[in-house]
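Asks: Protein chains in written order, with our numbering: chain Y, 1 to 363; chain X, 364 to 710; chain F, 711 to 1213.
Just to be clear, a hint being listed does not mean it is correct.
Cβ-to-Cβ under 8 angstroms is the rule here; a few derived chain Y residues that face chain X [said to hold, decoys possible]:
1) SER58
2) GLU64
3) ILE121
4) PRO281
5) PHE285
6) GLN319
7) ALA320
Calculated lysine-lysine pairs in the DSS-like style (CA-CA distance at most 27 angstroms, straight line) [said to hold, decoys possible]:
8) Y/LYS246 x F/LYS1034
9) F/LYS1018 x F/LYS970
10) F/LYS909 x F/LYS716
11) X/LYS607 x X/LYS573
12) Y/LYS246 x F/LYS977
13) F/LYS1096 x F/LYS1086
14) Y/LYS247 x F/LYS977
15) Y/LYS143 x F/LYS1034
16) F/LYS1078 x Y/LYS247
17) Y/LYS233 x F/LYS970
18) F/LYS828 x F/LYS818
19) Y/LYS176 x Y/LYS191
20) F/LYS1029 x Y/LYS233
21) F/LYS1034 x F/LYS1018
22) F/LYS789 x F/LYS828
23) Y/LYS246 x F/LYS1073
24) F/LYS828 x Y/LYS233
25) Y/LYS246 x F/LYS1078
26) Y/LYS143 x Y/LYS246
27) Y/LYS246 x F/LYS1029
28) Y/LYS246 x F/LYS1018
29) Y/LYS174 x X/LYS573
30) F/LYS891 x F/LYS914
31) Y/LYS43 x X/LYS442
32) F/LYS1078 x Y/LYS233
33) Y/LYS43 x X/LYS405
34) Y/LYS161 x X/LYS442
35) X/LYS704 x Y/LYS176
36) Y/LYS143 x F/LYS1018
37) Y/LYS53 x X/LYS573
38) F/LYS1029 x F/LYS1159
The set of hints was computed from the structure by calculation and includes no laboratory data.
C-beta atoms are modelled at their ideal positions from N, C-alpha and C, and glycine is treated no differently.
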Amino acid sequence: MKKNFLYSTFIDNDSVFAFIKAILGVFFAFFVVYFILLATGYKPLPVFAALFKGAFGSRRGFGETLLSTTPLLLGGLGFAVAYRCGLFNIGLEGQITMGGIAAAFFGFIIPEINPVIHVFICIIAGIVAGGIWGFIPGYLKAKFGVHEVISVIMLNHIAFKIAAYLVSMQGPMKDKLDDMPASPFISDSAKIIRIMDRTRLHWGIFLAVGVAVLIWLLLFRMRLGYKIRAVGKNPFAAEASGISIKKHIVLTLAISGALGGLAGAVEILGVHYRLFAAFSPGYGFDAIAVALLGMVNPLGIIASAFLFGILRSGSVFMQAMYGVNKDMVSVITAIIVLFMGMSVPIGIMLKNRIKRNSNGTVD
Amino acid sequence: MMKVFKTVLLVFIVASVGMGISGCNKSVPEEAAAAPAPVAEKLVMAMVTNQSGLGDQSFNDAAWEGLGQAEIKYGIERKVLESREQAQYVPNLSTLAEQGASLVVGVGFMIKDAVAEAAEMYPDTYFGMVDGSVDQPNVASIHFRENEGAFLVGAIAAKVSKTGTIGFVGGMSTPVTNRFEAGYRAGAMTANPDIEVLISYAGTFADAAKGEEMANPQYDQGADVIFQVAGQTGLGVINAAKKKGLYVIGVDRDQNYLAPENVLSSMIKRVDIAVLNAVGMVVDGTFKGGDYFYGIKEGAIDFATSGDLIPADVIEYANMLKGKIVAGDITAPATYEELEKFSPPTM
Amino acid sequence: MAAIVKMQNIVKRFPGVLANDDISIEVEEGEILCLLGENGAGKSTLMNILYGLYHYDKGEIFIKGEKTTFSGPGDAIDKGIGMVHQHFMLVPVFTVLENLILGSEKVKGLSLDLNSSKKELEAISDKYGLEIQLDAQVSDISVGMQQRVEILKLLYRGADIMIFDEPTAILTPQEIEELYKVMQSLRLLGKTIIFITHKLKEVKEISDRVIVLRDGKLIETIDTESTSIRELARMMVGREVLFRTEKPEVETGREILNVKNISALNKRGLPALKGLSLNVHEGEIVGIAGVDGNGQTELVEVLTGLRKISSGIITIDGKDMVNKSSGQFLDAGTAHIPEDRLLRGLILDFPIYENLLLGFEDKAPFAKGLFLDFNKVRSWAEELVKNFNIKTPGVNVNAGTMSGGNQQKAVLAREFQRNPKVLIASQPTRGLDVGAIEFVHERIMDAKKEHKAILLVSLELSEIMNLSDRILVIYEGEIVAEFNYGEVTETEIGLMMAGGEDK
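Chain Y on its own, in the form it takes in the complex:
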């Protein structure tokens, strides 16, 4: 009886089990990293401590943690929306890039105006640009059956090349007064206001959390979200009940891309203040892991984006305190990401083990 109670509370309860899986994944990750650090001559525990000290130990560190949480959260939401519709949008990096380009353009082309209006214009520009970059693969899939993964990879490359061209020596968005391959700085009125003294943290984090709640409402409380999920879980049944598959594929990818564009815009307006070719260090790709670890649930994604934010900002401190070399830092974060991603298969394994021993389905 007790067994059944444990089972139904911890294993069968999806949200609790998701949490257990995530914790297990993180635990296994640290376990493996522990031995790698040991084998490569570092002292694991202080290095781990440094990771958290870096992420939480100072006002600035905490600010940086939340700062990198912001684009990861928005990107993760973008991936989740598409994933809920059965679409694999690995094009977020390109969508982020396009959003950044658009935001930067309206940021510097418009002179100082009312800051609220200016930021609003730039963010909308980013959303539209990212949305277009999501709409294209959606349209190609709906109209010609081109698999979104293929078209989106190509669109990524196109976006990267566009950004690189725009700020290259001869590029139209290049700041002619500066050696750097970058656009001119955006007007002050286009900058998102910082909220913590002596940190770079800006309002974007609240915007991102707000958007997460909005996406949660969209997916689980709104008609559109219900249809998106229906198409994602069983397009044939959805279609038979009058829900258009094609329309929702296009719409969902456009929303997904728009979220990427928003992430890019917020990065430019809140952090860099000008366009660089590679201003996003792969947030769009990390977003996939963020979304999956967050069980593609917007509220879970808030937590997992925060976790990834800790890794990003804490890893700087690992290097600073213990001289862990930058490639080693990459390896460590990659392993943690890998295991967090593996929490899903780990969960399945665990569930199956338990099932085989004490459970089965009634035929």
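Position chains X and F against the provided structure of chain Y, taking the given hints into account.
Replies: This is chains X and F only, laid out in the frame that chain Y set:
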């Protein structure tokens, strides 16, 4: 189910015991090292690399070497944070400033915005900026007069050339590479007014194959010496020289070891000297923000003679030009405009 | 005859369910024993215990008089027990021969000794009359032959007690006949067969004895000879079952569905419908009889907006519906019970209330601006669950965890809720047990009473014969014959279904 729990439990126990043991054993010396330097008063001087990181055999390594020399000369402690991506520049600089580094040097022009931002956030910390200008009282912006070095190797190339044609392969056409080109052409013109200089830019600093592709036509058109200012791409130029058995001139540091028979000379940029000087200013308490220019006069720009490929009279000639530049008799042009106006001095 | 298998006082508990409640059975050597019960009665659980797949909580098992405990199917196989599952365990890209020797390969030097295995296998299949092409690739052979391959695999591994888990569910009538023959010859040569089924006709046709299970309990063990289908049905369902649904007298009204000369391609791009015409009136049930694959699937898809037609006319209540979307068909008053409820009918990962909502999400009272009122949806769903007698712990349970019968009831509940003008019911009782079939038929009759126009497509000829007012026979994408209720025999229709007689 019990079996699974037992296994998991076992793993937990092993892990926590393992962590505990090694934690106990190792935390003692560790804490000593981690605690803010009980030896005390040892100033920390730090640097943040660009995305190439340490081991680039170029100015990141050179700057790190400068800090190494400072350790010996001034008894400071050096520290480095390597950047993996553009977004890390600010956190890296800030972390070092926050940890109490007296000087934080940013290397490479891409880090410029970040240095400006960190310098504003930490007004009590001194910053160095290699290859870029940041207008702030606590930032020393370090510039190199590459045009002077290029002038010298241009003269050497023109003197050594038997065909009367020499070449120049740049990475991307940027104000910096253009500065090299201007100096190079002026130097060549000075040594031989009839010299023909072939110019091409590969469009990338990172593609060795492209470098070879750029160099070969120049050699085929009769150039027998090429000056490469092209980073990774330049390695392809050196390769082409090796295959053709012709001369090439290296950049930033002595590249003779790459092809001892073919690397005629190299234009040397002593980032280490500039960094050492910056440390010196901090130690002496004479640090002042502003632009610092390093050229031949400061001993930070030179040409390499290893490999013994340059005839003695040419070395003598180049040294004579060096003297004139130091004395201010010759000003090596740094831009196309200055090159236009440049006329070879009569000697 | 001695009991070759004895299972005593077996108890097996799943969370919340007592799947086997103190069940004792004996299987005699050389007999065909039927294990009869509705879905969820505990038949497969009991056999999975015998095959070593599940542990049991209480009880004892004796094989050939020897007390045995299994820790897995491997032990069961060693004891000579084999099981043919509903889903075959074959590697599609391997040949039959390679599949058969997989796991017990004979090796000669470094290479496989295929020849000696092949000879051995040929000898076995000859002995039992199993027609198998050993060199064919599994993906190329028919489902029936794949099943025979599974049987041969058991024989090759020396099984003498063979469990068949609902083996006829996936077979055509001809293949079922062949399977019966194989089973007979297996029995003649001394094998013992346990046959799991919920189809009464099969029990009568093939078995020597029947064990009836209901709700995890043993109801009866009986010789097949001494019982009737009606009695078996009563034991299985627990009450009297009406085999012929009362057909209400309803006056037919105006024409609702009108289809004229429609042509359409199937998903492979080949012509599936060739100038087909039909109509259905208010209060009328029109049955489409035919052998599977003669255009029924495409016809239903065309009539629900899921497939485009290349020519022809479709109207619903006078409204032109040619190549309209599935949503427009719903709006025009169609309801659709899809032939494959798992594919088209339900979203298995969605809870019941979200499944019932499908197609209503944009309608009052659930749609509120951009939002959905899920509280309303839930209470409405609870009501439907009650009205349609859907057995589930609650409306938050995922549809995928329900039994087939309850899933079908959920589909029915939703589709009837549309208050359609025309109901397109495609194989509405496929895979259901007697009780559920009766329920579905009654609901269809209710719809008729409510003056709905009903198009019934089914592969079960008896279903068509019992329910339809008019019967249309479809053959190669055309309607080749039309009969009125009661004016035709099964044989006549069967002839037409096979392409008709030469005139």
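Asks: It remains to establish, for every hint, whether it holds in the given structure.
Replies: Now for the hints, and whether the structure bears them out:
no.	hint	verdict
1	SER58	6 angstroms, holds
2	GLU64	5 angstroms, holds
3	ILE121	23 angstroms, violated
4	PRO281	3 angstroms, holds
5	PHE285	12 angstroms, violated
6	GLN319	5 angstroms, holds
7	ALA320	5 angstroms, holds
8	Y/LYS246 x F/LYS1034	15 angstroms, holds
9	F/LYS1018 x F/LYS970	14 angstroms, holds
10	F/LYS909 x F/LYS716	25 angstroms, holds
11	X/LYS607 x X/LYS573	16 angstroms, holds
12	Y/LYS246 x F/LYS977	18 angstroms, holds
13	F/LYS1096 x F/LYS1086	16 angstroms, holds
14	Y/LYS247 x F/LYS977	21 angstroms, holds
15	Y/LYS143 x F/LYS1034	17 angstroms, holds
16	F/LYS1078 x Y/LYS247	21 angstroms, holds
17	Y/LYS233 x F/LYS970	36 angstroms, violated
18	F/LYS828 x F/LYS818	14 angstroms, holds
19	Y/LYS176 x Y/LYS191	21 angstroms, holds
20	F/LYS1029 x Y/LYS233	33 angstroms, violated
21	F/LYS1034 x F/LYS1018	8 angstroms, holds
22	F/LYS789 x F/LYS828	24 angstroms, holds
23	Y/LYS246 x F/LYS1073	21 angstroms, holds
24	F/LYS828 x Y/LYS233	45 angstroms, violated
25	Y/LYS246 x F/LYS1078	24 angstroms, holds
26	Y/LYS143 x Y/LYS246	8 angstroms, holds
27	Y/LYS246 x F/LYS1029	25 angstroms, holds
28	Y/LYS246 x F/LYS1018	15 angstroms, holds
29	Y/LYS174 x X/LYS573	25 angstroms, holds
30	F/LYS891 x F/LYS914	15 angstroms, holds
31	Y/LYS43 x X/LYS442	19 angstroms, holds
32	F/LYS1078 x Y/LYS233	24 angstroms, holds
33	Y/LYS43 x X/LYS405	24 angstroms, holds
34	Y/LYS161 x X/LYS442	36 angstroms, violated
35	X/LYS704 x Y/LYS176	23 angstroms, holds
36	Y/LYS143 x F/LYS1018	16 angstroms, holds
37	Y/LYS53 x X/LYS573	45 angstroms, violated
38	F/LYS1029 x F/LYS1159	24 angstroms, holds
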